[in-house]
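Number of protein chains: 4
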Amino acid sequence: MIYFDSDYMAGAHPEVMQRLVETNSLHTPGYGTDEFTHRARNLILEKCGIPDGEVYFLVGGTQTNAVVIDRLLDKNDGVVATDTSHINVHEAGAIEAWGHKILILPDNEGKLKADALKKYLEEFYADDTYPHMVRPGMVYISFPTELGTIYSKKELQEIYSICREYDIPLYIDGARLAFGLYAKNNDIGLQDLPRLCDVFYIGGTKCGALFGEAVVTARPELLRRFDSMRKLHGALLAKGRLLGVQFEALFSDYLYERIGKEGVRLAMQLKETMEARGFKTFIDSPTNQQFFILPNKVIEKLKPYCSFEYWGPPGKEESRVRFVTGWSTTDADISTLTSLLEE
Amino acid sequence: MIYFDSDYMAGAHPEVMQRLVETNSLHTPGYGTDEFTHRARNLILEKCGIPDGEVYFLVGGTQTNAVVIDRLLDKNDGVVATDTSHINVHEAGAIEAWGHKILILPDNEGKLKADALKKYLEEFYADDTYPHMVRPGMVYISFPTELGTIYSKKELQEIYSICREYDIPLYIDGARLAFGLYAKNNDIGLQDLPRLCDVFYIGGTKCGALFGEAVVTARPELLRRFDSMRKLHGALLAKGRLLGVQFEALFSDYLYERIGKEGVRLAMQLKETMEARGFKTFIDSPTNQQFFILPNKVIEKLKPYCSFEYWGPPGKEESRVRFVTGWSTTDADISTLTSLLEE
Amino acid sequence: MIYFDSDYMAGAHPEVMQRLVETNSLHTPGYGTDEFTHRARNLILEKCGIPDGEVYFLVGGTQTNAVVIDRLLDKNDGVVATDTSHINVHEAGAIEAWGHKILILPDNEGKLKADALKKYLEEFYADDTYPHMVRPGMVYISFPTELGTIYSKKELQEIYSICREYDIPLYIDGARLAFGLYAKNNDIGLQDLPRLCDVFYIGGTKCGALFGEAVVTARPELLRRFDSMRKLHGALLAKGRLLGVQFEALFSDYLYERIGKEGVRLAMQLKETMEARGFKTFIDSPTNQQFFILPNKVIEKLKPYCSFEYWGPPGKEESRVRFVTGWSTTDADISTLTSLLEE
Amino acid sequence: MIYFDSDYMAGAHPEVMQRLVETNSLHTPGYGTDEFTHRARNLILEKCGIPDGEVYFLVGGTQTNAVVIDRLLDKNDGVVATDTSHINVHEAGAIEAWGHKILILPDNEGKLKADALKKYLEEFYADDTYPHMVRPGMVYISFPTELGTIYSKKELQEIYSICREYDIPLYIDGARLAFGLYAKNNDIGLQDLPRLCDVFYIGGTKCGALFGEAVVTARPELLRRFDSMRKLHGALLAKGRLLGVQFEALFSDYLYERIGKEGVRLAMQLKETMEARGFKTFIDSPTNQQFFILPNKVIEKLKPYCSFEYWGPPGKEESRVRFVTGWSTTDADISTLTSLLEE
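Chains as they are written, first to last, in the working numbering: chain A, 1 to 343; chain B, 1 to 343; chain C, 1 to 343; chain D, 1 to 343.
Bound-form chain A, shown alone (with noise of 0.2 Å):
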């Protein structure tokens, strides 16, 4: 069998696992006030570029998603999103439980368009029932988005400029990061984000640990008492130094970096294989998900020997499915499915 339903099916890299083995029986105090902790805070600091900024580890991605966003938000605010995005989709009301709602944009391939954020933006001031209605106290996007798709710089700069004009702050969802950071003719690097938005997470379940998101900012003033509302939120986790472990494994030796550059070298060669047997994609990502339209006497003949998720109901002839490679994913997989295909 070979799996490419997603990048959560198997356990965390080796190398992650390993320093968990290695630091298992060591003793520390808890809730992340550890030195593994530390150091893998020093680390992201680093790497990003901003040793005045801060990092702070939870466990999932709804999780983070949460207490981010209610610790970003006034009681009265609610959170500007796409559509088809995460938080508005997935996470069985997880941001509105804790009081706030999803102001819905249109996506574009899973994106959020700039001129419809501005627009938004205006016309809600320009109405001066405004007080009736709820204020757009933030943006949320993902990079990638749910849909595998990137923003060039220059469209996450037009972004984060409206954001500023309106003094809101920009959140990045990066529980696949990695595979948005190293994909082909992606121009936004790790140093960049930090200026490109107020507040992003590393995701590392998606990315090769066995859990956890990394949130980081450049502006820490934002994520005041942040220990409290990880707590209050049921988000503080009592073993923190188990997120330190697993970051600082991730960020050594530019772990992050090759699970990111293998997960996404694998997709291209899924991709490849595909369209050489002439199967499209309905969506053009250059990540880890990739999105193919396949006769359902295809999808048949792989199910026996290859999981992948549907992507909306099926169709009569043909049908949506998502394929995703991960930390676990191997050349032998993608051979695998290339005979499967080719028998």
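Check the hints yourself; a few may be wrong.
Because identical chains cannot be distinguished in the list, a pair is counted as satisfied if it fits within a single copy or across any two copies.
Said to hold, decoys possible - With a Cα cut of at most 25 Å, we get these calculated DSS-like pairs of lysine-lysine:
no.: 1; residue 1: Lys113; residue 2: Lys154
no.: 2; residue 1: Lys316; residue 2: Lys118
no.: 3; residue 1: Lys153; residue 2: Lys113
no.: 4; residue 1: Lys154; residue 2: Lys303
Note that these hints are calculated values from the structure, not bench results.
Once you have looked at the hints, place chains B, C and D on chain A.
Below, chains B, C and D alone, put in the same frame as chain A:
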């Protein structure tokens, strides 16, 4: 000056006010445990034909929507509503503040379409990731809608039968119910409503009261511990008898009906006056809200003598405007408007 | 029947009611943007001696406490209050419903003691696990307290100076403010309050209005975006001018003062009457709430002619009861009570 | 250095860690739908003797308490707990953040007293203003308590029978359950717990896991739609199998029992060592937390070589301290401590 801005710009209908004055010096127990509230409740149950039903009084519309929706939904549920619905647009996030997502469907002249609702519910349960999504726990519509339109009995029956199929309550916001019940061609009476939905409210604030809304249900078990829920929401009026006194007045001597009929009659005159001058409506509303496209010149001419609202941003040559009649609108107001238009 | 149950059992003081009647047919814009609200605001600011302050009107006390406290607290903050405080006991969890813990200190005849507050705050910050605890983000007291007692100016100054030392707002619930301001030996005036706390409210519901509370602050920046906050809480009255009209009446011709003085005068007469018969108070209250220990025989004799409340569960031989005077209490009521006791 | 600060300072028990390593490269579906989770669930149900019960896994204790309590309570309910309980003191308001008041009763050495609970519930319903108060909707206790003490079976039965009388669930926080189950004189087994309460959790984080808590109930209907509830709370782990793998390890080869027994054995040795030197306990705990009053001189002597926590503010001559044993404590640690004390 003549006023067509909205239906909450004057105080209470004189017959309501008179009862408040007459009863002012009486002593009653608080929080709605008084005889006036009891009598108003019984009057409403009788008019609705549901002797075993229940009625609860609240102060305002946003409050009522927030309390009822919070009561009807389980904690991890959302409420289905149209994108133009009041709760989605003009209540400053009061629904989300209590943790509930609004699940938005496109509207058709302000109305929810039964087939769109059915399709949405079918697809929701067909998606096996639905535990990661917000469950549609109830449906919210208004009668009349934000755009003054009304549902036919057949349309309501279709919506309600879908709700029953999925076992989720249907709630009707009746902020302007009087003007819907007595609209031309309306085929729904107060006695029908308890059979066409699970909970609805009879609007007072916009229909002749100083303030107040009456929540009605034929299924009292749906609104369990509603005293405590109202208190929790800051929605339990200390001098609760003020609501009882007002609703007793509104449902005595056919006052609510008279207010509804008169508002509609004047709205229809207003429409005729406009159409006679060649001005078109952009929504064909049979109720007390009327929506016209007026040349900006006409708007400028009217403004010093007549108040009304823009509906959306003004256009270059002509703009969309809303005129509203209410208990305090008179024939003289319409005559004055007619004269102003003829000048 | 004579009524001493509470101060919210009759309607509005006739002078307030008269103004509501006189202004009933006028048209004004909604949501407190009218001239009455503006004038009431200015009158209150003038009486309080804070021309640069701000005033906001709400409908009821629980609502006011919930909105103000939710606005003053950061998301991970709690409010310090005494165990007998109204928000802790009789508001059905309306503070916690918005996510805020009530941090309870023992009371002294209903009052918060400065030294207990100081000790609590010192110990909180001395405990290095405090990010895992709820931060005391503000202090809530009431004037008069739930037990009718009042703070001296010196006591308030001590509390407020501790709050300033810890940079947390002090908020005073003035549901029965009129009866505190005009209590015998009270040394605090309306002009003092803005200098003795950060935010307070002037109670209307229990002091002569049909309903309504006026939130006052000399530091408007503390109540930022308060229109939106009120809307979010379902606490922004559509016909907002009703609050303006009432508070304009209350602060014209010394009405609020007259109501306060008269309520206190009658309460003192009531107390004398009781004491003359040998019945003891269990709290020595100088305001309109009076607390007596009455033999059950006396209670039984009074009940058919006079209403009042038990304070706690009835005892075997004697029970604790509360008598309250208000704008509608008369000298005749006291005489009748006296006669009843003498029989 | 020897460590007695707490039981979450080292990683996972080696047998747990070994299983995580062995299963690391396997692919499984996410969110707890994997075979490991299924097997762990079945193992636990078997050990508890409730084949028709249900088990859900979460990441940490605060999170577990917040999700379970939010699920068990109706919206206008609070949870009864002692003043020293973890949810009341050290969870940063995570319960109130979801809208629920903690209804505080005084504790007796960390334990809730059945008669105090009964009196509280009786008085609540005897007070006819109870709809204005927060309804006690469930009872929370912990086993062992924050002070290391345990309930006898008789004590638990008394509490549970009161809960059943009032038809409110009893929930037991078992963060340190292993050390309670295997405490000397404990007469409660895993098979008893489902009959002595409605929901409880088996602590992993403090009892040998890297992280993780297992919520168990014999009444699955109480935890309806719990996947969605966990997701909503940000508490549904993507690689859910990590929890299954760990709990399968803990409940194989009697590991949980061995960890519990060993922690208790070492704690008793530690206590003997202390008592042999004349140092008194201020709580007589039979579990892995031990509470002593030590002369400050002794504390100073130990500090460079041994870590432990102050319990409250230090005293002038002597102070209260807590020593905790866990899976990583060894006989050698106790010997070293003994030597340090003897010097």
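Status of each hint after checking the structure:
{"no.": "1", "hint": "Lys113 x Lys154", "result": "within (12 Å within a copy, 41 Å between copies)"}
{"no.": "2", "hint": "Lys316 x Lys118", "result": "between (40 Å within a copy, 21 Å between copies)"}
{"no.": "3", "hint": "Lys153 x Lys113", "result": "within (13 Å within a copy, 42 Å between copies)"}
{"no.": "4", "hint": "Lys154 x Lys303", "result": "neither (41 Å within a copy, 46 Å between copies)"}
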